[in-house]
Amino acid sequence: MTINVAMTVNGKAVSGKVEARTLLVQFLREHLGMTGTHVGCDTSQCGACVVHVDGKSIKSCTLLAVQAEGTKVLTIEGVAESAEKLHPMQEAFRENHALQCGFCTPGMVMSAIDMVKRHNYQLDETTVRRELEGNLCRCTGYHNIVKAILAAAPAMKSAGV
Amino acid sequence: MYDFTYHRPKTLADAVNLLKGKDEARPMSGGMTLIPTLKQRLARPSDVIDLGGLKELAGIKVEGNNVVIGGMTRHADVASSADVKAAIPALAHLAGHIGDPQVRNRGTIGGSVANNDPAADYPAAVLALGATVTTNTGKHAADGFFKGLFETALGEGELITSISFPKVEKAAYMKFPNPASRYAMVGVFVAKSASGVRVAVTGAGSCVFRVKAMEDALAKDFSSAAIKDIKIPADGLNSDIHGSAEYRAHLVGVMARRAVDAANK
Ligand SMILES: Cc1cc2nc3c(=O)[nH]c(=O)nc-3n(C[C@H](O)[C@H](O)[C@H](O)COP(=O)(O)OP(=O)(O)OC[C@H]3O[C@@H](n4cnc5c(N)ncnc54)[C@H](O)[C@@H]3O)c2cc1C
Ligand code: FES
Ligand code: FES
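First to last, the protein sequences are chains A and B.
For the first sequence, the residue numbers in this note's numbering are 1 to 161.
For the second sequence, the residue numbers in this note's numbering are 1001 to 1265.
Incorrect hints may have been included.
Straight-line Cα separation of at most 35 angstroms, DSBU-like style, residue types lysine-lysine; simulated pairs [to be verified]: (1) A/K147 - B/K1085; (2) B/K1139 - A/K117; (3) A/K56 - B/K1085; (4) B/K1022 - A/K117; (5) A/K56 - B/K1220; (6) A/K72 - B/K1085; (7) B/K1265 - A/K56; (8) A/K56 - B/K1020; (9) B/K1085 - B/K1022; (10) B/K1055 - A/K17; (11) B/K1039 - A/K117; (12) A/K147 - B/K1010; (13) B/K1010 - A/K72; (14) B/K1022 - A/K17; (15) A/K72 - B/K1039; (16) B/K1010 - A/K12; (17) A/K117 - B/K1167; (18) B/K1167 - A/K56.
Simulated from the structure, these hints should not be mistaken for lab results.
Build out the structure end to end from the sequences listed, making use of the hints.
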């Protein structure tokens, strides 16, 4: 079954023809060519594919593109203010050496931004670790990721993002 | 994933009609179980009926002594609901410990209860609290609803519209999560109300079940000491790479005592 879908991705109206079974992550990567969102598993467990749909973090490998019809999607490509100025969360990941191979990073950053906002910019280490349950990293051992998120929370607050 | 025909009805009546006409139609709520199943090609529905557009299935209401949660209500919304936290805090706690934040932003109570995964959390709450499952055709009492492995009393094309949980005096849920999947290795929900004590166990067997011996002991003395000598037989419990039946039987006792202590706090 082919269906027309239309949604907003990073502030831009996009549309396309998809199959009913096309996943949101496939629509982003293969139809729109936005390969920042990754696929790391086929069991909905790794979180490499996390994007925001209408302000909520979700796994784009476990949502059909048609389910995102009419929504506002934010991907890793849309979080930085400009090519020169990273989002405070991205900046904190860089400063804290929170990535090694970088495969999990887009999903980590998207989950992290959502968790900081949901907790009103106030997080402790235990909360960050619990909130990261849906994001796997095979390289870093999480320690620097947790540090980065704790550092980014006040930075996001003062930047007003 | 095999392809299928996608429908997004706007009313419950339309959804029920769409399900009726098709031989292999499947409803979809959060898709957190259905989509992974389709991706593995473990199911091949002709039609997927997305219940996401049914406003009548979403939302949480307090009606007298009951908290009524619409079938399409996401785990995250139950976890953060002021009404649920005030009326049955153990239920909000349970919802807040399902999977991970992204799963909780999509997964729904209707989907979870209909699916009846042997390690799912909600069935323990439904059974221990003596909830009522309402569908498009009628009502089901919790006892008798969960029939076996992934099996419920729901008939062909029957849709869960809401679940009604009576308020209780005290309740708590303790889960020992599998460290990888976050599903329950064993989860025990304990509830004390005017009509008695109910203890429901998930994760340990092929389907959620009650533990009569613990319920009787706790009815006399609602303390963890009252059940410390009750042994759960390992016969018929789940045994897999994550843990043996004996291990799970032991965990039931530990989680039940922790749940009683938590309920008494
Ligand atoms: C990584 C991961 C971790 C998870 N961890 C946990 C956990 O720790 N604990 C836990 O309990 N669960 C866990 N889950 C499962 C999650 O809670 C699912 O959301 C839930 O089991 C199914 O709900 P759903 O709304 O996504 O249902 P769907 O996937 O949409 O549907 C599930 C089944 O129910 C049927 N169905 C859906 N809605 C209805 C309805 N209203 N009436 C009748 N039938 C219906 C569908 O046809 C399908 O067969 C996890 C899932 C994932 C992906
Ligand atoms: S690719 Fe989505 S969770 Fe792994
Ligand atoms: S940095 Fe390699 S998986 Fe996380």
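Hint check results:
Of the supplied pair hints, the one linking A/K147 and B/K1085 holds, its CA atoms being roughly 31 angstroms apart against a limit of 35 angstroms. A threshold of 35 angstroms between alpha carbons decides the hint, and for B/K1139 with A/K117 the separation of about 40 angstroms lies outside it, so the pair is violated. Under the criterion of a C-alpha separation no larger than 35 angstroms, the hint pairing A/K56 with B/K1085 is consistent with the structure, at around 21 angstroms. For the suggested pair B/K1022 and A/K117, the alpha carbons sit about 43 angstroms apart, so the restraint of at most 35 angstroms is broken.
Restraint check for A/K56 and B/K1220: not satisfied, since their Cα atoms lie roughly 46 angstroms apart, outside the 35 angstroms limit. A C-alpha spacing of about 30 angstroms is found between A/K72 and B/K1085, which places the hinted pair at or below 35 angstroms, so the restraint holds. Proximity of B/K1265 to A/K56 is assessed by CA-CA distance (about 33 angstroms); at most 35 angstroms being required, the pair is judged to hold. With a C-alpha separation of about 33 angstroms, the suggested pairing of A/K56 with B/K1020 holds against the 35 angstroms cut-off.
For a cut-off of 35 angstroms, the pair hint linking B/K1085 to B/K1022 is broken: about 40 angstroms separates their Cα positions. Straight-line distance between C-alpha atoms of B/K1055 and A/K17 comes to about 27 angstroms, which keeps the hinted pair within the 35 angstroms bound. Between B/K1039 and A/K117, the direct Cα distance comes to roughly 32 angstroms. Compliance with the 35 angstroms bound is thereby established for this hinted pair. Proximity of A/K147 to B/K1010 is assessed by CA-CA distance (about 45 angstroms); at most 35 angstroms being required, the pair is judged violated.
A hinted pair counts as satisfied when its Cα atoms are at most 35 angstroms apart, and B/K1010 with A/K72 qualifies at roughly 20 angstroms. At most 35 angstroms may separate the alpha-carbon atoms for a hinted pair to count; B/K1022 and A/K17 meet this at roughly 25 angstroms. Among the hinted pairs, A/K72 with B/K1039 is consistent with the structure: their alpha-carbon atoms are about 25 angstroms apart, no more than 35 angstroms. Simply put, B/K1010 and A/K12 have alpha-carbon atoms about 27 angstroms apart, close enough for the 35 angstroms limit, and the pair holds.
Our distance criterion of 35 angstroms between C-alpha atoms is met by A/K117 and B/K1167, whose separation comes to about 32 angstroms. For the hint linking B/K1167 to A/K56, the alpha-carbon distance of about 30 angstroms falls within 35 angstroms, and the restraint holds.
Consistency note: the structure conflicts with the earlier hints numbered 2, 4, 5, 9, 12.
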